[in-house]
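Colleague: Quick mapping for you: the protein sequence lines, in order, are chains A and B. Okay, so the first sequence: first residue is 1 according to the UniProt record's numbering, each after it adds one. Okay, so the second sequence: first residue is 1 according to the UniProt record's numbering, each after it adds one.
Calculated from the structure, these hints are not laboratory results. Source: prediction; values computed, not measured. Even glycine gets a Cβ: it sits at the ideal position worked out from N, Cα and C. Misleading hints may appear alongside valid ones.
[Said to hold, decoys possible] Pairwise CB distance ranges, derived in the manner of DEER restraints:
#	chain 1	residue 1	chain 2	residue 2	range
1	A	TYR64	B	ASP52	11 to 21 Å
2	A	VAL157	B	HIS151	51 to 61 Å
3	A	GLU23	B	GLN92	55 to 65 Å
4	B	ALA150	A	GLU154	50 to 60 Å
5	A	GLU153	B	HIS151	46 to 56 Å
6	A	MET41	B	HIS151	55 to 65 Å
7	B	ASP52	A	GLY223	30 to 40 Å
8	B	VAL29	A	ARG177	24 to 34 Å
9	A	THR263	B	THR136	19 to 29 Å
10	A	GLY223	B	GLU17	34 to 44 Å
[Said to hold, decoys possible] To give an idea of the interface, some chain A residues facing chain B are shown, with a C-beta separation under 8 Å as derived from the structure:
#	residue
11	GLN2
12	PRO4
13	PHE7
14	GLU8
15	GLY35
16	ALA60
17	ALA104
18	PRO106
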Amino acid sequence: MQVPAPFEYERATSVDQAIGLLERLGSSARLVAGGHSLLPMMKLRLANFEYLIDINDLHAELGYIRLSDDEVRIGAMTRHRELLESDVLASVLPIFSDAERVIADPIVRNRGTLGGSLCQADPSEDLSAVCTTLDASCVIRGPGGAERVVTMEEFHVGPYETAVADNEILTEIRIPRKSFRTGSAYAKVERRAGDWAVVSAGAAVWLDEGRIVDARVGLAAVGPNTTGIPEISAALRGHEPGESLYELAGAIAARSCDPVTDTRGSADYKRHLADELTRRTLRKAVERARS
Amino acid sequence: MQVTMTVNGTEHTREIEGRMLLVHFLRDVLGLTGTHWGCDTSNCGVCVVWLDGEPVKSCTVLAAMAGGHEVRTVEGLAEGAELDPIQEGFRQCHGLQCGFCTPGMLMTCRALLDRNPDPTEGEIREAISGQICRCTGYSSIVRSVQWTAAHEAAAAATKEEAVAP
Chain A
1 MQVPAPFEYE
11 RATSVDQAIG
21 LLERLGSSAR
31 LVAGGHSLLP
41 MMKLRLANFE
51 YLIDINDLHA
61 ELGYIRLSDD
71 EVRIGAMTRH
81 RELLESDVLA
91 SVLPIFSDAE
101 RVIADPIVRN
111 RGTLGGSLCQ
121 ADPSEDLSAV
131 CTTLDASCVI
141 RGPGGAERVV
151 TMEEFHVGPY
161 ETAVADNEIL
171 TEIRIPRKSF
181 RTGSAYAKVE
191 RRAGDWAVVS
201 AGAAVWLDEG
211 RIVDARVGLA
221 AVGPNTTGIP
231 EISAALRGHE
241 PGESLYELAG
251 AIAARSCDPV
261 TDTRGSADYK
271 RHLADELTRR
281 TLRKAVERAR
291 S
Chain B
1 MQVTMTVNGT
11 EHTREIEGRM
21 LLVHFLRDVL
31 GLTGTHWGCD
41 TSNCGVCVVW
51 LDGEPVKSCT
61 VLAAMAGGHE
71 VRTVEGLAEG
81 AELDPIQEGF
91 RQCHGLQCGF
101 CTPGMLMTCR
111 ALLDRNPDPT
121 EGEIREAISG
131 QICRCTGYSS
141 IVRSVQWTAA
151 HEAAAAATKE
161 EAVAP
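All chains should be modelled from the sequences, with the hints used to inform the complete structure.
Modeller: As structure tokens, then:
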């Protein structure tokens, strides 16, 4: 039987009360949301905490998707299933529904959250790749209601490590919107349904008068964290989208990423996937931007 | 710590360790062994129960997390001697062989039909994609759900006819 080592269970009643508990308990405490990454790690003794602070009751406060003219704000407790079923996201950021369809399975998606996924900081994690692709910002709240906003690059400081301090909580993800025609897409290669990615890629493009104003590609499972590749953006800006451009982007992705050979595949195969999935998602994102 | 939750309509209060998983609370503390305990890693889905009406994998939910909430297990499907239509569907269409995956399958498929009374084969397969039938009886499980959907649609039509003037 696999069970976590003993810990004390606390239940948060509000964000600020949770921060109060974190302040008091320090590094011996960890927040638990869906628990589908943390509890398995605790069963395996890869993670041990004296206190778990259950934040599921904060769903009313932190479970939301809000659309405005210049950004989309998503609460950290928004569950996978809510992201998958959101009509707002399906229309303005279809990359989310592409990704959610291939994250774990429908039952796990009933529990897992956006914030939990990002805080897990697994290099193969799909929503981190989505947020990297979309140039999202992370809102982190600390003692006294103090908030700071960091980029995805700043948020992930290494595998399984984030910028969130012991007395802080990730509350919201902000995704900028630009006043151009926009499209986004996500693709993942996995060994079996619901598995972690061998490699996955997200793409987002912004078009004006048929030309690429900006484009971003994010890759998962090919480096210490999910990776945005600025060189691809630079190569695409100002050009008319087309196959030769996608090929160029794919080639940059393949040589810029840093995969390792493991049970999911060889480094060469992963580079091949980074190339191919970059092309596919860019193609799809452009199709969506044009339609 | 003390936890109070409602399981199949009955409130239970027990003293437990914070680390106790919901699957073990149901099986070992309440004696509701209909919920099975399988892979322990949220992959196989034999431990699926409902938490506030949503299917969850109870090997990856703390019993404490269910405190103050409603849990429904496979024991809560039948009403007395009358099987839930999804149970009847599995019986009619041989939706089980060894039966180990069945409690989880039943809870997931019941939830699917409650949300989507007429699912396509693809939707049924997607719904159970987080669950493993080691006998590989997926085709029979899909047929069982289809049987139940048709049966429930027919029953609803009969009921409407009976009510109509």
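Colleague: Work down the list of hints and note, for each, if the structure agrees.
Modeller: To see whether the hints hold, each was checked on the structure:
1. A:TYR64 x B:ASP52: 11 to 21 Å: With Cβ atoms ~18 Å apart, the hint holds.
2. A:VAL157 x B:HIS151: 51 to 61 Å: Holds, at about 55 Å.
3. A:GLU23 x B:GLN92: 55 to 65 Å: Distance hint for GLU23 of chain A, GLN92 of chain B holds at roughly 58 Å.
4. B:ALA150 x A:GLU154: 50 to 60 Å: Hint holds: Cβ distance 55 Å, inside 50 to 60 Å.
5. A:GLU153 x B:HIS151: 46 to 56 Å: Taking Cβ atoms as reference, GLU153 of chain A and HIS151 of chain B lie about 55 Å apart, which means the hint holds.
6. A:MET41 x B:HIS151: 55 to 65 Å: violated (43 Å)
7. B:ASP52 x A:GLY223: 30 to 40 Å: holds (38 Å)
8. B:VAL29 x A:ARG177: 24 to 34 Å: Violated, at about 50 Å.
9. A:THR263 x B:THR136: 19 to 29 Å: holds (24 Å)
10. A:GLY223 x B:GLU17: 34 to 44 Å: Cβ of GLY223 of chain A to Cβ of GLU17 of chain B: about 39 Å, so the range 34 to 44 Å holds.
11. GLN2: This hint holds: GLN2 of chain A lies near chain B, its Cβ roughly 4 Å from the closest one there, short of 8 Å.
12. PRO4: holds (5 Å)
13. PHE7: Status holds, d = 6 Å.
14. GLU8: holds (6 Å)
15. GLY35: This hint holds: GLY35 of chain A lies near chain B, its Cβ roughly 6 Å from the closest one there, short of 8 Å.
16. ALA60: violated (13 Å)
17. ALA104: holds (7 Å)
18. PRO106: It holds, given that the least Cβ distance between PRO106 of chain A and chain B is near 6 Å, below 8 Å.
Violation of the numbered hints given earlier is confined to hints 6, 8 and 16; the remaining hints are satisfied by the structure.
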